[in-house]
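Trainee: Take a look at the letters that make up each chain.
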Amino acid sequence: MESATRARTPVATSWDHLLRNPLVGPLVALVVAVVVFSLVTDTFLRPGNLALVLQQSAVIGILAVAQTLVILTAGIDLSVGAVAVLGTIVLAKVGGTEGAAVGLLVTVAVLALIGLLNGVLVAGLHLPPFIVTLGMFTAVFAATQLYAGSATYPVEPGLLTWFGTKVQLGGLVISTGVLAMLALYLVAWFVLTQTAAGRHLYALGGAPEAARLTGIRSGRVLVLVYLTAGLIAVLAAWAALGRIPNADPNAYQNANLETITAVVIGGTSLFGGRGSVMGTLVGTLIVAVLRNGLTQAGVDNLYQNIATGALVIAAVALDQVSRRRAQT
Amino acid sequence: MTTTTPAPEPGAAPAGTAASDGRAPVLAASGLVKRYGSVVAMDGADFELLPGEVLAVIGDNGAGKSTLIKALSGVVVPDAGEIRVDGRPATFHTARDAQAHGIETVFQDLALAPALDIAANLFMGRELRRPGPLGSVLRMTDKRAMRRRAEELFDSMSIRIKSVTQPVENLSGGQRQGVAVARAAAFGKKVIIMDEPTAALGVRESGTVIELIKEIRSRGIPVVLISHDMPHVFEVADRIHVHRTGRRAAVVRPSQRTMAEVVALMTGALEPTEEERRGVA
Chain A
1 MESATRARTP
11 VATSWDHLLR
21 NPLVGPLVAL
31 VVAVVVFSLV
41 TDTFLRPGNL
51 ALVLQQSAVI
61 GILAVAQTLV
71 ILTAGIDLSV
81 GAVAVLGTIV
91 LAKVGGTEGA
101 AVGLLVTVAV
111 LALIGLLNGV
121 LVAGLHLPPF
131 IVTLGMFTAV
141 FAATQLYAGS
151 ATYPVEPGLL
161 TWFGTKVQLG
171 GLVISTGVLA
181 MLALYLVAWF
191 VLTQTAAGRH
201 LYALGGAPEA
211 ARLTGIRSGR
221 VLVLVYLTAG
231 LIAVLAAWAA
241 LGRIPNADPN
251 AYQNANLETI
261 TAVVIGGTSL
271 FGGRGSVMGT
281 LVGTLIVAVL
291 RNGLTQAGVD
301 NLYQNIATGA
311 LVIAAVALDQ
321 VSRRRAQT
Chain B
1 MTTTTPAPEP
11 GAAPAGTAAS
21 DGRAPVLAAS
31 GLVKRYGSVV
41 AMDGADFELL
51 PGEVLAVIGD
61 NGAGKSTLIK
71 ALSGVVVPDA
81 GEIRVDGRPA
91 TFHTARDAQA
101 HGIETVFQDL
111 ALAPALDIAA
121 NLFMGRELRR
131 PGPLGSVLRM
141 TDKRAMRRRA
151 EELFDSMSIR
161 IKSVTQPVEN
171 LSGGQRQGVA
181 VARAAAFGKK
191 VIIMDEPTAA
201 LGVRESGTVI
211 ELIKEIRSRG
221 IPVVLISHDM
231 PHVFEVADRI
241 HVHRTGRRAA
251 VVRPSQRTMA
261 EVVALMTGAL
271 EPTEEERRGV
281 A
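In order, the protein sequences belong to chains A and B. Letter by letter, the first sequence follows residues 1 to 328 of this note's numbering. Letter by letter, the second sequence follows residues 1 to 281 of this note's numbering.
The following block holds chain A by itself, in its conformation from the complex:
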């Protein structure tokens, strides 16, 4: 192995470097999907449709940032979708009676508390994240139904629907919700790649023992990650009301699985410690483009699910193969 490493020419190495960049695969897939749907349908490339693709991906895209952070720590968050739905109900109910600002504050408090609880159970009691967040999902889902009383809650236009505001951007008319999603990705990218806290998150996900031995306060980082996931769910709930100004306890039932799909397709390893949040953005867009494009091409919704499912399995298979190759 050693001699093989040495025999590599600089050119081959830089190619290697490029191909090793986990963003390349998903990006190529996204471009291929866009090109294919542009050729196959007349409608896909229209500005209105592209804006729609972005708007359809905003809520999942925001939640997928939270999911990326958790998965990078070698965890998984099965609750973040349900938590966001609870957020929409709290925003609408409390916001409706006490005013939008109070509604936001209460939502932040409630969702931060749920995130904190997840984090303390995972980091403090060393419980498996899968179990903790599965329990949290079940409890939060039921609590949402109880709190909503099987009713939906329309919200008045105003602060709570602010993320529905349309902005002209070149030829595209997109919502501020999409801009919020893009801003969140930038912030997450910055923290993950440019700060020590981000490096520590990768280290404790990929090599927890090494992180401990080098003095990284893994517990603190973990709690912060789950707390952040709760706060990101607030933004997702807010953006959801911007898109459809009606809080529905039965909406976004598949949101959680869709965030995991986006993360995995984006090239982040479920084993933790490798991946990128920009990959997740591309993953989110791939799923949105695939769904939209197949709809434009007149393909049945159920076939779209089959395509998405196949893509997830292919992405995980690719991750496994590359991991195995890295280990030999």
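Please note that the accuracy of each hint is not assured.
What the hints assert, rightly or not - Below, computed lysine to any residue pairings styled on SDA-like, alpha-carbon distance capped at 20 Å: (1) K162/B - A145/B; (2) K143/B - V191/A; (3) K143/B - L186/A; (4) K143/B - N21/A; (5) K143/B - K93/A; (6) K143/B - T193/A; (7) K93/A - W189/A; (8) K162/B - N21/A; (9) K143/B - W189/A; (10) K93/A - T144/A; (11) K143/B - L192/A; (12) K190/B - A145/B; (13) K190/B - E215/B; (14) K190/B - V40/B; (15) K189/B - T94/B; (16) K143/B - T152/A; (17) K189/B - G215/A; (18) K143/B - A186/B.
No lab work stands behind these hints: they were computed from the structure. Because the structure is a prediction, the values reported are computed rather than measured.
Given the coordinates of chain A, work out where chain B should sit on it, guided by the hints.
Mentor: Coordinates of chain B only, in the frame set by chain A:
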């Protein structure tokens, strides 16, 4: 006294004080106890590391040497006993506490994050920040400075690494060991502890690590070397700490004992001399 002893320290006191040669130990422990349930891993263990020396720690499997080392590096908190750095009592709760005292450890599993690059691993937990508000407000790390420092470090230690931006998982076992040793050497201002640094390596790579240990000693920094490999121990150690049944059984000088005798001391087949037992041989 012996040819293997490093250059005498200035102001060395006559024999008979704290340790052999009369030099005050840099890192010392006395009466360390650690129990795991009914298992006694350390049973009143003593330890003394003198300035500028390479001290080998040997012992059979289960003798408790790794618990001793973990206590000295802050990973295990002893139930009883005292650790002293430069004669002053110190309490370590985490590896970071020991690091703050200038004690760095190369753990047996190296404590490297395979997916991160070499520079990131070198500075893990001690990242350099960008100067100005970029560092203090935005908390940006200074990747360029870390890479430059990493390259300088590898150059100065004659460790051959193609690029400090390649992930650690692409390195051979010996190169990984080199990264872990370089990290310890970069931050270990007082003591460097190495737990079985050659156990997973081939002959040539082991030789490189032994040279690195000598290099660190020549800079005046004492090294604690835990090893099973007697030829390595005899090649590089100034003194040998023999650990048995949870405590220090003897400290011997490689010039005064053969390998066979040291192994016999380790298994209890041979009784140490009074000086060896008291650690002042």
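Trainee: Please go over all the hints and tell whether each is borne out by the structure.
Mentor: Here is what the structure says about each hint:
1. Among the hinted pairs, K162/B with A145/B is consistent with the structure: their alpha-carbon atoms are about 18 Å apart, no more than 20 Å.
2. Between K143/B and V191/A the alpha-carbon distance is near 14 Å, which keeps this suggested pair within the 20 Å criterion.
3. The hinted pair formed by K143/B and L186/A meets the criterion: a straight-line CA distance of about 19 Å does not exceed 20 Å.
4. Only pairs whose Cα atoms come within 20 Å are accepted, and K143/B paired with N21/A is accepted, the gap being roughly 18 Å.
5. Among the hinted pairs, K143/B with K93/A is inconsistent with the structure: their alpha-carbon atoms are about 47 Å apart, more than 20 Å.
6. Taking the CA atoms of K143/B and T193/A, the gap is near 10 Å; set against the 20 Å cutoff, the hint holds.
7. At roughly 33 Å between alpha-carbon atoms, K93/A and W189/A are farther apart than 20 Å, so this suggested pair is violated.
8. As the CA atoms of K162/B and N21/A are separated by approximately 19 Å, the hinted pair is consistent with the 20 Å bound.
9. For the proposed pair K143/B and W189/A, the alpha carbon gap of about 15 Å is at most 20 Å, so the pair holds.
10. Only pairs whose Cα atoms come within 20 Å are accepted, and K93/A paired with T144/A is accepted, the gap being roughly 12 Å.
11. Distance restraint check for K143/B and L192/A: the Cα-Cα separation of roughly 13 Å lies within the 20 Å cut-off, and the hinted pair is therefore satisfied.
12. The hinted pair formed by K190/B and A145/B fails the criterion: a straight-line CA distance of about 24 Å is larger than 20 Å.
13. Distance hint between K190/B and E215/B is fulfilled; the C-alpha atoms sit about 15 Å from each other, no more than 20 Å.
14. Restraint check for K190/B and V40/B: the C-alpha separation of about 30 Å exceeds 20 Å, so the hint is violated.
15. For a cut-off of 20 Å, the pair hint linking K189/B to T94/B stands: about 18 Å separates their Cα positions.
16. Only pairs whose Cα atoms come within 20 Å are accepted, and K143/B paired with T152/A is rejected, the gap being roughly 50 Å.
17. For a cut-off of 20 Å, the pair hint linking K189/B to G215/A stands: about 17 Å separates their Cα positions.
18. For the suggested pair K143/B and A186/B, the alpha carbons sit about 17 Å apart, so the restraint of at most 20 Å is met.
Going through the hint list in order, the structure does not satisfy hints 5, 7, 12, 14, 16.
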